[in-house]
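A.B. asks: Chains as they are written, first to last, in the numbering used here: chain A, 237 to 554; chain B, 259 to 653.
For the record, the hints were derived by calculation from the structure and aren't laboratory data.
Mixed in with the good hints there might be a few duds.
Said to hold, decoys possible - Some chain B residues flagged as far from chain A (calculated, every beta-carbon gap over 10 Å): (1) Pro271; (2) Asp290; (3) Ile343; (4) Leu375; (5) Met383; (6) Arg387; (7) Ala453; (8) Pro490; (9) Leu543; (10) Gly570; (11) Arg580; (12) Lys630; (13) Ala639.
Stated by the list, open to error - DEER-style ranges, computed between Cβ atoms: (14) B/Ile298 x A/Ser293: 48 to 58 Å; (15) B/Val620 x A/Val506: 44 to 54 Å; (16) B/Met422 x A/Gln295: 55 to 65 Å; (17) B/Ser423 x A/Gln295: 48 to 58 Å; (18) A/Phe334 x B/Glu390: 52 to 62 Å; (19) A/Lys294 x B/Met422: 49 to 59 Å; (20) B/Ile298 x A/Ser300: 29 to 39 Å; (21) B/Lys468 x A/Ile297: 30 to 40 Å; (22) A/Ile281 x B/Lys578: 51 to 61 Å; (23) B/Thr310 x A/Gln283: 44 to 54 Å; (24) B/Val572 x A/Ile297: 50 to 60 Å; (25) B/Asp624 x A/Ile281: 47 to 57 Å; (26) A/Leu309 x B/Gly285: 49 to 59 Å; (27) A/Ile281 x B/Asn394: 27 to 37 Å.
Virtual Cβ for every residue (Gly too), placed ideally from N, Cα, C.
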Amino acid sequence: MNLVEVILSVFLFPGFIFTSNIGLFFAWVNRKILARLQWRVGPPIYQPWVDILKLLSKQTIIPSTAHKAAFILAPMIGFTATFVVPLMLPIVYSAPVFSFLGDLIVLVYLLALPGIALMVGGSASGNPYGSVGSSREMMLLLSYELPFIIAIFTVVAKVGGLSITGVVEHQIESGTCLFFTASGFLAFIAAFASSLAKLSLNPFEIPDAKTEIVAGPYTEYSGGLLAIFKLTHAMLLCILTWTLVTLFFGGLVVDFTSQVTVVASSVLCVVKLVGLLFVVSIVHGINPRARIDQTLKFFWLYLTAIACGGLIMVFLGW
Amino acid sequence: MPETIIPIGPYHPALKEPEFFQLIVEGEKIVDVKMRMGYIHRGIEFLASKKTIHQIPVLVERICGICSHCHPTCFCQAVEDAGDIEVPDRARYIRTIIAELERIHSHLLWAGVAAHLIGYDTLFMYFWRYREPVCNLFELLTGNRQNYAMECVGGVRRDIDFKMSKDKILKVLSEIKPAILRLANSIAEDPVVKARMVGIGVLSQHDARKYCVVGPTARGSGLKIDVRICEPYDAYKEVGVDMKVFTEGDAMARTLVRIHEVLESMEIIGRAIDAIPNGPIQVELKEPPKGEGVGKVEAPRGEDIHYVALNGTVIPERLKVRAPSYVNLPSLTPQLIGHDIADAPIIIGAVDPCMSCTDRMVSIVDRKRNDKVILSLEELAQFGRKNKNPLKVRR
Chain A
237 MNLVEVILSV FLFPGFIFTS NIGLFFAWVN RKILARLQWR VGPPIYQPWV DILKLLSKQT
297 IIPSTAHKAA FILAPMIGFT ATFVVPLMLP IVYSAPVFSF LGDLIVLVYL LALPGIALMV
357 GGSASGNPYG SVGSSREMML LLSYELPFII AIFTVVAKVG GLSITGVVEH QIESGTCLFF
417 TASGFLAFIA AFASSLAKLS LNPFEIPDAK TEIVAGPYTE YSGGLLAIFK LTHAMLLCIL
477 TWTLVTLFFG GLVVDFTSQV TVVASSVLCV VKLVGLLFVV SIVHGINPRA RIDQTLKFFW
537 LYLTAIACGG LIMVFLGW
Chain B
259 MPETIIPIGP YHPALKEPEF FQLIVEGEKI VDVKMRMGYI HRGIEFLASK KTIHQIPVLV
319 ERICGICSHC HPTCFCQAVE DAGDIEVPDR ARYIRTIIAE LERIHSHLLW AGVAAHLIGY
379 DTLFMYFWRY REPVCNLFEL LTGNRQNYAM ECVGGVRRDI DFKMSKDKIL KVLSEIKPAI
439 LRLANSIAED PVVKARMVGI GVLSQHDARK YCVVGPTARG SGLKIDVRIC EPYDAYKEVG
499 VDMKVFTEGD AMARTLVRIH EVLESMEIIG RAIDAIPNGP IQVELKEPPK GEGVGKVEAP
559 RGEDIHYVAL NGTVIPERLK VRAPSYVNLP SLTPQLIGHD IADAPIIIGA VDPCMSCTDR
619 MVSIVDRKRN DKVILSLEEL AQFGRKNKNP LKVRR
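With the hints as constraints, model all of the structure from the sequences given.
C.D. replies: Structure follows, in structure tokens:
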């Protein structure tokens with residue numbers, strides 16, 4: 237792979253341009269589903285793009301109380317980490333751009349970075365809502381990372397390898413998705429709930445709880461920096477769905493044996509992604525916001541137990 | 259752990275009206291609360307001393323946008339009390355029906371806001387969806403969705419043709435009733451809603467009595483207080499009211515009180531429409547009444563009291579309004595202390611505070627010296643001029 241290809245894949249496909257647009261489309265689908273659920277009309281399809289463009293055209297104010305470098309760097313770090321992730325996920329017909337031994341571990345780290353960036357940005361802003369928001373983000377990070385990592389371990393133990401491509405290949409070879417095995421199902425539940433927390437969607441919409449702490453870590457952000465955070469969030473919506481589909485639903489694989497199978501498997505890919513997004517939106521819609529201590533208890537007691545149960549079941553051969 | 263001040267207000271997404279709660283917190287635990295009022299003081303009582311008793315019902319209707327029937331009813335009751343004016347039966351029944359419809363729309367509005375406060379926006383939208391037909395019903399009956407302008411001293415201003423509108427009212431109510439039962443069930447059964455509301459903001463019966471709380475806040479704490487039953491006015495004696503009392507004293511109990519009251523209001527409206535007599539809707543005022551009068555009304559938020567002093571002219575000497583939130587707000591202190599910041603919005607929201615009803619004065623605080631200041635009219639005028647801050651001159 238030459239340098240041009242690498243640059244193209246980082247910035248064009250499946251990197252920045254592709255993921256951000258798909259992410260904004262997913263953000264629209266999420267908002268539309270939520271709106272229909274709530275008996276509203278919902279936004280037109282171009283709304284997320286317009287929102288980002290509007291924010292980019294606005295003045296970026298850096299508060300005098302803020303730690304300037306951390307305040308500016310935090311959204312950038314989260315953003316960069318997010319658009320590197322799709323390079324490691326196998327997409328449709330090809331092997332991922334970066335595929336190496338242990339990329340699953342790098343994936344876990346990269347997916348944790350946006351949360352850490354948000355935490356840093358919130359506490360750097362020097363705003364009381366921002367500091368409460370980032371302390372909540374920290375608590376949330378501590379609660380969801382453990383079950384998430386155990387869920388990933390379950391997948392690793394089941395598949396017997398640390399590469400993402402290996403997970404997809406294992407699922408194709410064995411002819412069944414990990415979701416339909418007992419251990420995979422338990423791991424999926426843990427990973428799904430952790431993803432909701434990573435996206436700060438209900439019932440874990442805690443760090444930026446509007447009616448409690450205004451916008452939490454985002455409170456002092458404006459203009460371009462806020463646009464970057466919003467874009468990161470939209471891309472995370474896409475990437476986490478994509479990761480879950482890759483790990484538990486056989487990945488986005490197109491079968492090139494004949495024209496019929498190409499169409500059928502492509503449709504199946506879209507159905508997997510949008511179906512999971514649909515479930516995410518519905519869960520977000522039908523739940524109120526839990527409190528941070530309740531969330532901590534929920535993750536550490538129940539979800540960790542479920543995830544551990546999954547891990548044990550792998551060794552029992554289920 | 260160091261104490262920090264988390265401001266809720268004066269402008270905050272959790273508060274629908276400007277009011278300032280300073281939460282003094284250690285970590286996320288609230289250790290003390292300071293409240294500051296006066297951000298939307300509008301001088302209604304002063305304005306009332308410039309207007310006639312025929313204009314004041316329209317004025318006091320604007321005290322609160324949500325209980326916009328209770329305040330004029332209460333004022334008219336006070337004047338009728340001062341002048342010993344007997345209100346015709348039909349007018350009393352019409353007042354009752356409008357008041358109960360208002361309770362339905364007010365409680366549904368509150369339930370939606372409460373759902374929003376705990377981050378349950380879907381439930382919020384659903385409650386407001388079912389409030390919408392009630393507002394449309396108001397438009398049908400009175401011509402306005404809010405601020406109905408139905409009241410006048412000695413009766414009501416407009417007759418309602420119940421032969422025509424009875425079916426419509428009952429149809430709307432029977433349509434929203436199963437929906438409300440379903441939503442009430444989803445509140446009482448949902449584990450996350452329970453986790454956010456059960457045991458949150460507990461006001462014990464003793465504290466409730468000590469802070470003299472009224473309305474659903476009192477009834478959620480097991481106090482049997484309801485003006486409609488304790489001192490019946492309008493047609494409540496004939497129609498009958500069943501008081502809904504819960505003893506837990508937490509946010510969930512107050513929610514359940516309100517939802518049961520919505521259902522009870524529907525029953526009351528049904529009975530009132532069946533029993534409404536024919537006859538005149540208002541009595542003519544021969545001469546302006548003289549003396550003092552007190553009106554008491556059970557507003558959706560609790561007991562509303564108007565005191566009026568009349569001197570025989572059409573312009574009253576004094577009108578004193580005591581809105582229910584005025585007594586409910588101080589009870590927030592024992593409710594908030596010991597809870598998380600995350601619980602503060604729903605605790606504040608659960609007493610259904612109506613800030614603009616409550617504000618009676620503006621106080622100027624000198625932030626540098628941290629004390630209250632009284633300014634004369636000239637000094638106040640100096641604020642408008644350049645470089646003339648009277649506080650600086652005094653310092």
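A.B. asks: Each hint: holds or not?
C.D. replies: Status of the hints after comparison with the structure:
With a least CB separation of 5 Å from chain A, B/Pro271 falls inside the 10 Å interface cut-off, contrary to its annotation. No Cβ of chain A approaches the Cβ of B/Asp290 within 10 Å, the least distance being about 16 Å, so the stated non-interface status holds. Against the 10 Å criterion, B/Ile343 stays outside the reach of chain A, whose nearest CB is about 46 Å from its own CB. Distance to chain A contradicts B/Leu375 as a non-interface residue, since its nearest Cβ pair spans about 5 Å, not more than 10 Å.
Not every CB of chain A is more than 10 Å from the CB of B/Met383 (nearest about 4 Å), against its label as outside the interface. The beta carbon of B/Arg387 is not kept farther than 10 Å from every beta carbon of chain A, the shortest such distance being approximately 5 Å. With a cut of 10 Å on Cβ distances, B/Ala453 falls inside the contact zone with chain A, its closest approach being about 5 Å. Its beta-carbon lying about 38 Å from the closest one in chain A, B/Pro490 satisfies the requirement of being farther than 10 Å from that chain.
Listed as a non-interface residue, B/Leu543 keeps its Cβ farther than 10 Å from every Cβ of chain A; the least gap is roughly 47 Å. Look at B/Gly570: its CB is around 51 Å from the nearest CB on chain A, clear of 10 Å, so calling it non-interface holds up. With a least CB separation of 29 Å from chain A, B/Arg580 remains clear of the 10 Å interface cut-off, as annotated. Even its closest Cβ contact with chain A, about 25 Å, leaves B/Lys630 beyond 10 Å, as expected for a residue assigned away from the interface.
For B/Ala639, the non-interface assignment is confirmed: its Cβ lies about 33 Å from the closest Cβ of chain A, beyond the 10 Å cut-off. The hint said 48 to 58 Å for the Cβ distance between B/Ile298 and A/Ser293, and at roughly 34 Å that hint is violated. In this structure the hint that B/Val620 and A/Val506 lie 44 to 54 Å apart at CB is violated, the actual value being about 60 Å. The hint said 55 to 65 Å for the Cβ distance between B/Met422 and A/Gln295, and at roughly 58 Å that hint holds.
Hint check: B/Ser423 to A/Gln295, Cβ distance near 55 Å, so the stated range 48 to 58 Å holds. For the pair A/Phe334 and B/Glu390, the supplied restraint of 52 to 62 Å holds, since their beta-carbon distance comes to about 54 Å. Evaluation of the 49 to 59 Å hint for A/Lys294 and B/Met422 yields a pass: the beta carbon distance comes to about 54 Å. Distance hint check for B/Ile298 and A/Ser300: the Cβ-Cβ separation is about 30 Å, which falls inside the suggested range of 29 to 39 Å.
Between B/Lys468 and A/Ile297 the CB atoms are about 47 Å apart, so this pair departs from the stated range of 30 to 40 Å. For A/Ile281 paired with B/Lys578, a C-beta distance near 56 Å keeps the hint of 51 to 61 Å intact. The hinted window of 44 to 54 Å between B/Thr310 and A/Gln283 holds, with their beta carbons roughly 52 Å apart. Separated by about 55 Å at the C-beta atoms, B/Val572 and A/Ile297 satisfy the suggested range of 50 to 60 Å.
Take B/Asp624 and A/Ile281: their Cβ atoms lie about 54 Å apart, and the range 47 to 57 Å holds. For A/Leu309 and B/Gly285, the hinted distance range of 49 to 59 Å is not satisfied, since their beta carbons lie about 27 Å from each other. Distance hint check for A/Ile281 and B/Asn394: the Cβ-Cβ separation is about 32 Å, which falls inside the suggested range of 27 to 37 Å.
The earlier numbered hints that this structure contradicts are 1, 4, 5, 6, 7, 14, 15, 21 and 26.
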